[in-house]
Amino acid sequence: MKIIVAIKQVPERDAPLRIASDAKGIEERELQWAMNEPDAYALEEALQLKEKHGGEVVIVSAGPERVGATIREALAKGADRGIHIVADDLAARDALGVAQLLAAAVKPESPDLVLTGLQSEDLGLGQTGVILAELLNLPHASLILQVEISSADSPQAQIKAKRELEEGWFQSIEMPTPAVLTIQSGGNKLRYATLMGIKRAKTKELRTLDATSLGAAAAPVAVLDKITLPQKKKSTQIIPGAAKEAAATLVEKLKSEARVL
Amino acid sequence: MSVLVILEERNGKISRTSWEAAAAAQQLAGTNPVIAAVLGAQTESLAAEAAAKPFAKVIRVEHALLAPYTPDAFTAALRQLIQKESPTHIVFPHTYQVRDYAPALATRMGQVLLGDVIAIEDGPVFTRQLMQGRLNGEYKHTGSGPCFVSVQAGAFRGSDDAGPQQTKAQIELFRPSLDPAQIRTKPGEPFRGSAQTVDLGSAQLIVSVGRGIREAENLPLVEELAKALGAELAASRPICDNGWLPMERQVGSSGQSVAPKLYLAVGISGAIQHLVGMKGSQCIVAINKDPDAPIFEVADYGIVGDLFEVVPALTEAIKAAR
Ligand SMILES: Cc1cc2nc3c(=O)[nH]c(=O)nc-3n(C[C@H](O)[C@H](O)[C@H](O)COP(=O)(O)OP(=O)(O)OC[C@H]3O[C@@H](n4cnc5c(N)ncnc54)[C@H](O)[C@@H]3O)c2cc1C
Numbered sequence: 000m001k002i003i004v005a006i007k008q009v010p011e012r013d014a015p016l017r018i019a020s021d022a023k024g025i026e027e028r029e030l031q032w033a034m035n036e037p038d039a040y041a042l043e044e045a046l047q048l049k050e051k052h053g054g055e056v057v058i059v060s061a062g063p064e065r066v067g068a069t070i071r072e073a074l075a076k077g078a079d080r081g082i083h084i085v086a087d088d089l090a091a092r093d094a095l096g097v098a099q100l101l102a103a104a105v106k107p108e109s110p111d112l113v114l115t116g117l118q119s120e121d122l123g124l125g126q127t128g129v130i131l132a133e134l135l136n137l138p139h140a141s142l143i144l145q146v147e148i149s150s151a152d153s154p155q156a157q158i159k160a161k162r163e164l165e166e167g168w169f170q171s172i173e174m175p176t177p178a179v180l181t182i183q184s185g186g187n188k189l190r191y192a193t194l195m196g197i198k199r200a201k202t203k204e205l206r207t208l209d210a211t212s213l214g215a216a217a218a219p220v221a222v223l224d225k226i227t228l229p230q231k232k233k234s235t236q237i238i239p240g241a242a243k244e245a246a247a248t249l250v251e252k253l254k255s256e257a258r259v260l
Numbered sequence: 000m001s002v003l004v005i006l007e008e009r010n011g012k013i014s015r016t017s018w019e020a021a022a023a024a025q026q027l028a029g030t031n032p033v034i035a036a037v038l039g040a041q042t043e044s045l046a047a048e049a050a051a052k053p054f055a056k057v058i059r060v061e062h063a064l065l066a067p068y069t070p071d072a073f074t075a076a077l078r079q080l081i082q083k084e085s086p087t088h089i090v091f092p093h094t095y096q097v098r099d100y101a102p103a104l105a106t107r108m109g110q111v112l113l114g115d116v117i118a119i120e121d122g123p124v125f126t127r128q129l130m131q132g133r134l135n136g137e138y139k140h141t142g143s144g145p146c147f148v149s150v151q152a153g154a155f156r157g158s159d160d161a162g163p164q165q166t167k168a169q170i171e172l173f174r175p176s177l178d179p180a181q182i183r184t185k186p187g188e189p190f191r192g193s194a195q196t197v198d199l200g201s202a203q204l205i206v207s208v209g210r211g212i213r214e215a216e217n218l219p220l221v222e223e224l225a226k227a228l229g230a231e232l233a234a235s236r237p238i239c240d241n242g243w244l245p246m247e248r249q250v251g252s253s254g255q256s257v258a259p260k261l262y263l264a265v266g267i268s269g270a271i272q273h274l275v276g277m278k279g280s281q282c283i284v285a286i287n288k289d290p291d292a293p294i295f296e297v298a299d300y301g302i303v304g305d306l307f308e309v310v311p312a313l314t315e316a317i318k319a320a321r
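Heads up: the protein sequence lines correspond to chains A and B, in order. Last residue of the first sequence? That's 260 in numbering that gives the first Met the number 0, and every number before it is there in order. Last residue of the second sequence? That's 321 in numbering that gives the first Met the number 0, and every number before it is there in order.
With the rest of the complex left out, here is chain A (with noise of 0.2 Å):
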């Protein structure tokens, strides 16, 4: 089976954040970038549906040129190819400009199944794979943790998914392929890349697609006008000094003051 995982670019996690001059994005001179760990899981979810059933994984992601590296990384634990939409354009659009893009880029390759992370760790939309599904008139099914394929190799092959609903309670989705699903993390454990996989990946197709190709961009409908600092609400004690002494007062303030110990 084909599985095509759609896979975004973020910045590393601790990166220390600065708001751009015109307050409509980050700066991103000094920020290293990584792979939206949702889309992590998956991706190695799609590896180990491979791994079960044969078939193909196909990594598309939208971005600019620094996006490449995170395609690679993709093969390098075990993608077959990558395509890789350039857009310099992506803070411009709103999450259905975005997926409008994915979709173009998706639908000639008429995967079996289309994962996608259930959100992104920096604009948190938690929409994309949603809106992919309507925009390729695919059911699908989101925070999903596992998949099953049964009669992978037929037309009527089936998904079973284990979506996780609130507080600790999960429940079981059954649909015909194709299908999107959007993926939760926790669901498996992540693989590294090894060295010969990040060998490999250098030989291994990645085509790249000119965003301006798939069609115009509509305007966005949700527009991100101004980014600011959260204002603090409350006014939180702030221990100071060395480590030992911080420890020792604040013991002595759970003690006296807030009578917790």
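FYI, nobody ran anything at the bench for these hints, they're computed from the structure. Backbone N, C-alpha and C fix where the C-beta goes; we use that ideal spot for every residue, glycine too. Treat each hint with caution, since some may be false.
Sample of chain A residues at the chain B side, in silico, Cβ under 7 Å [as the list claims (entries may be wrong)]: (1) Ala14; (2) Pro138; (3) Ala140; (4) Val250.
Chain A is fixed; fit chain B with the ligand onto it per the hints.
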């Protein structure tokens, strides 16, 4: 302007987050009317509960195919309702269910959902969190069609108290036309994860560890702190995702909700999905090297520093004080 709010059911009643969405809808509407809708196969009692609130009217969107929930049925039904009522704004609680269908519904109507909104200002300007709560983004809706908004749990103050309202809102029945062939997914019954052997909900003292701990090999550091305190050990999601601690120790929207006397968060950033599970704690202490970490939003006491220095020092200080 007219605002439609979608209310969800939980254990036979309208959910708390739905009342929060209703409060957001009311704030958005000002003096304009707010219409509420409940969806399901049987909506009579939910509608009656909603009608005690000051809504312009309550609509029962009823069809056998609306239970159990499927994204296809909800999307189709709500699209028909929105076409009939033509509200300018549609407000949802940002639940797992809404995450599952509202983006598709908005797309089908040529719109984009403004999801997980934490504040609504004049304009209207919708604020939502970026970078896992480290920054805020102010969004505007520029489309000509209806504006779809979902609001974060806890961001608006809602209540199921009907107040002094005398008259009840009028209730209308709306029967969408749905065809079984439209529904492409088959949901199963909800089930619980593995058996719970620790009850964090009743713990008085909790030490909770996050990704700041870096590796499973470092866990004894917080285990010793918990032991010195006589506290239960809990964790944020990534720790359980990695299998470093069992999932039953996870605190947050997809784990347990806790309210101890003391919640000591070590190397936890304070993402909303974590905060909803612990912000009811009596006293919250955060140890984090990032002074801007959102966990300090809810903490009573904080130490900004390297946990690998602070935690052993704290363990010693507690032992000394005992
Ligand atoms: C639908 C959904 C459901 C979710 N459910 C849950 C849930 O139930 N529970 C949950 O916790 N999460 C949940 N999450 C995940 C959540 O969004 C966050 O990703 C997660 O809580 C982050 O965990 P963390 O704070 O441990 O890690 P991070 O966000 O990576 O934070 C690590 C923190 O450690 C600090 N740090 C690093 N090194 C040090 C050091 N040496 N000393 C001191 N501090 C240090 C950093 O400054 C940072 O603030 C859910 C997400 C989604 C989308």
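Evaluation of the provided hints:
The restraint placing alanine 14 (chain A) at the interface with chain B is violated, with a minimum CB-CB distance near 9 Å, outside the 7 Å limit. The criterion of a C-beta within 7 Å of any C-beta in chain B is met by proline 138 (chain A), whose closest approach is roughly 4 Å, and the hint holds. A distance limit of 7 Å between C-beta atoms decides the matter here; for alanine 140 (chain A) the minimum to chain B is near 6 Å, and the interface restraint holds. For valine 250 (chain A), the suggested interface contact is upheld, since its CB lies about 5 Å from the closest CB of chain B, less than 7 Å.
Checked against the numbered hints above, the structure breaks only hint 1 and satisfies the rest.
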